[in-house]
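Asks: Chains as they are written, first to last, in our numbering: chain A, 65 to 182; chain B, 29 to 136.
In short, the hints are calculated from the structure, not lab data. Where is the CB? At the ideal position from N, CA and C, for every residue including glycine. Among the clues, some could well be false.
[Claimed, not checked] Straight-line distance between alpha carbons at most 20 Å, and here's what the computed SDA-like set of lysine to any residue pairs gives:
| no. | chain 1 | residue 1 | chain 2 | residue 2 |
| --- | --- | --- | --- | --- |
| 1 | A | K121 | B | R31 |
| 2 | A | K121 | B | K37 |
| 3 | A | K73 | B | Q66 |
| 4 | B | K37 | A | K73 |
[Unchecked claim] Cβ pair distances, simulated, as ranges:
| no. | chain 1 | residue 1 | chain 2 | residue 2 | range |
| --- | --- | --- | --- | --- | --- |
| 5 | B | S58 | A | A78 | 40 to 50 Å |
| 6 | B | T33 | A | D135 | 17 to 27 Å |
| 7 | A | N141 | B | S40 | 35 to 45 Å |
| 8 | A | T79 | B | Q73 | 29 to 39 Å |
| 9 | B | G44 | A | Q131 | 41 to 51 Å |
| 10 | B | G57 | A | T79 | 38 to 48 Å |
| 11 | B | F104 | A | Q131 | 38 to 48 Å |
| 12 | B | G57 | A | A78 | 35 to 45 Å |
| 13 | B | D90 | A | T71 | 32 to 42 Å |
| 14 | A | N141 | B | A29 | 25 to 35 Å |
| 15 | A | N115 | B | E108 | 36 to 46 Å |
[To be verified] So the derived list for chain B, only partly shown, Cβ under 7 Å to chain A, looks like this:
| no. | residue |
| --- | --- |
| 16 | R71 |
| 17 | D121 |
| 18 | F126 |
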Amino acid sequence: DSGVTQTPKHLITATGQRVTLRCSPRSGDLSVYWYQQSLDQGLQFLIQYYNGEERAKGNILERFSAQQFPDLHSELNLSSLELGDSALYFCASSPGFTGGLAATDTQYFGPGTRLTVL
Amino acid sequence: AQRVTQPEKLLSVFKGAPVELKCNYSYSGSPELFWYVQYSRQRLQLLLRHISRESIKGFTADLNKGETSFHLKKPFAQEEDSAMYYCALKDRDDKIIFGKGTRLHILP
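Please put together the full structure from these sequences, using the hints given.
Replies: The structure is reproduced here in structure tokens:
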């Protein structure tokens, strides 16, 4: 078990609604990453936070937002949901960003939240 | 544009045969490249990174800048290697781009 937890495991909602996905990183990890995995797009990087601050941004829609709280847990907010937002949303954590040159960069993934938009 | 391409969705290999999972990337600069693996019912996990030049579970991957490739290789496939493999690139802004993945199926 990598120690990254995500809640809920499954979420079923309707179009137009708003949901919040939660991620608790491994103890001591300062960075949190969010990914979306869908059948057609594969695994897409959404956003990264480091110690409460946004660090890197990927293909995150404007309808989506995230934040990392002082206790380092993170939430991904998805609003005005569309059918195409149905996917598996993964969170990962790492000790910290280092410019990619050290072992502290290794990401540990959570089990994911499966979102179904009907 | 930055891109990671894994041309094979599915690769079936007999046990004991060599394995090569292809990964090509498009990036202007020096990327950091990774291979991630997801075994059935398990989480995605890091397999190896080019910067470490390591061998994990018998797998190696060499960065070929001339061919912009980072193919994953193993000389003798084992049944437990069956999994989904993702190649990923991290750029200087820490953005991470994954390929669409290759499902490796080891035949007995």
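Asks: Broken hints, numbered, in rising order?
Replies: Hint check: 2, 4 and 6 fail, others pass.
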